[in-house]
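Peer 1: At the far end of the sequence shown sits residue 273, using our numbering, and the numbering has no gaps.
Source of the hints: derived by calculation from the structure; they are not laboratory data. Where a beta carbon is used, it is the ideal one built from N, C-alpha and C, also for glycine. Do not take every clue at face value.
With a cut-off of at most 25 Å between alpha-carbon atoms, the simulated DSS-like pairs for lysine-lysine come out as follows [what the hints assert, rightly or not]:
hint	residue 1	residue 2
1	Lys125	Lys88
2	Lys125	Lys255
3	Lys7	Lys88
4	Lys7	Lys31
With beta-carbon atoms standing in for the labels, derived distance ranges [unchecked claim]:
hint	residue 1	residue 2	range
5	Leu264	Gly94	30 to 40 Å
6	Arg222	Trp148	42 to 52 Å
7	Ile221	Ala253	18 to 28 Å
8	Asn4	Asp118	15 to 25 Å
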Amino acid sequence: DLNNDGKAEELLPEFDRENVPAAWFELKDHKWVKHTVSHQSYGHGIGAGDLNGDGRTDILTPRGWLEAPADINSSAEWTFHANDWGAKPILPAGTRQDASVVPVNNGRISMSQLHLIDINGDGRKDIVAGMAHDYGFAWYEQNADRSWTQHIIDASWSQAHEVVPVDLNGDGQIDFLAGKRYFAHNGSDPGERDPVGIYWYEWRKLPGTQLNPRNGGVEWIRHIVDYGGRMGAGVQTVAVDIDGDGDLDIISAGKSGLFLAENLTKSSKQPLP
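Please take these sequences and the hints and turn them into a complete structure.
Peer 2: Following this line, the structure appears as structure tokens:
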């Protein structure tokens with residue numbers, strides 16, 4: 001909701017051509033109205049949220065953020081603040097993360113959606129995002145000096161093209177649904193021929209005795225929805241109670257097909273695995 005009218009708008013990234021303007025689209029009188037916020041775009045990945053605490057919804061990109069103006073309907077461009085969020089290429093699990101990296105996608109970081117949320121409870125907004133065309137799924141901690149630190153959540157699979165924030169287990173805290181996209185670039189991405197899978201992740205703050213710079217004071221628990229089959233997280237994944245039984249099911253579409261993962265929590269009366 002970029003203009004705070006209570007209705008969702010469309011915000012689309014331009015992943016290849018920087019000279020394409022960044023814009024959001026509002027549905028008015030059954031027609032889509034385009035609002036340009038910048039004369040150029042800033043890479044593969046997009047997000048929205050109030051980053052600076054002024055009550056307005058800013059736009060997040062892999063290369064920085066666009067600050068929403070006081071008058072959202074103004075024709076003036078939004079102010080761009082360059083920031084790479086501390087993002088670095090993530091190597092597959094079992095590989096030293098300081099090893100040499102072979103650049104992919106012209107050396108640019110390609111992200112999924114960028115989700116703004118305070119992960120470690122320090123009152124500052126952090127970012128959760130996947131590497132859309134490389135290995136890794138991570139959160140980016142906003143430090144007290146406004147610098148950012150990357151913390152790897154999972155480096156065991158690649159092409160985290162879709163990351164969905166949703167409370168899957170009903171505990172009142174947002175979880176993250178994510179998975180490997182199947183053949184995103186037709187075989188040219190790292191790990192593209194690895195087994196496909198889809199997972200959900202919950203997280204908890206660690207006690208002070210377990211804090212260290214590598215984990216940012218947070219533990220992540222991975223739960224497997226499906227692995228080694230055909231279901232992954234392609235270009236559209238949603239969590240919705242499709243059968244009306246009181247729990248959230250998962251629908252995911254991609255190059256391998258359209259899939260439904262039925263949540264049996266309510267019918268089996270067992271906790272979500």
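Peer 1: None of the hints should be skipped; say for each whether it holds.
Peer 2: For each hint, the structure was consulted:
With a C-alpha separation of about 19 Å, the suggested pairing of Lys125 with Lys88 holds against the 25 Å cut-off. Between Lys125 and Lys255, the direct Cα distance comes to roughly 34 Å. Violation of the 25 Å bound is thereby established for this hinted pair. Proposed proximity of Lys7 and Lys88 is contradicted: the alpha carbons are some 35 Å apart, above 25 Å. The hinted pair formed by Lys7 and Lys31 meets the criterion: a straight-line CA distance of about 15 Å does not exceed 25 Å.
Taken as a hint, the range 30 to 40 Å holds for the pair Leu264 and Gly94, whose Cβ atoms sit roughly 33 Å apart. Take Arg222 and Trp148: their Cβ atoms lie about 23 Å apart, and the range 42 to 52 Å is violated. A beta carbon spacing of about 26 Å between Ile221 and Ala253 agrees with the range 18 to 28 Å that was offered as a hint. Look at Asn4 against Asp118: about 21 Å separates their beta carbons, and that is inside 15 to 25 Å.
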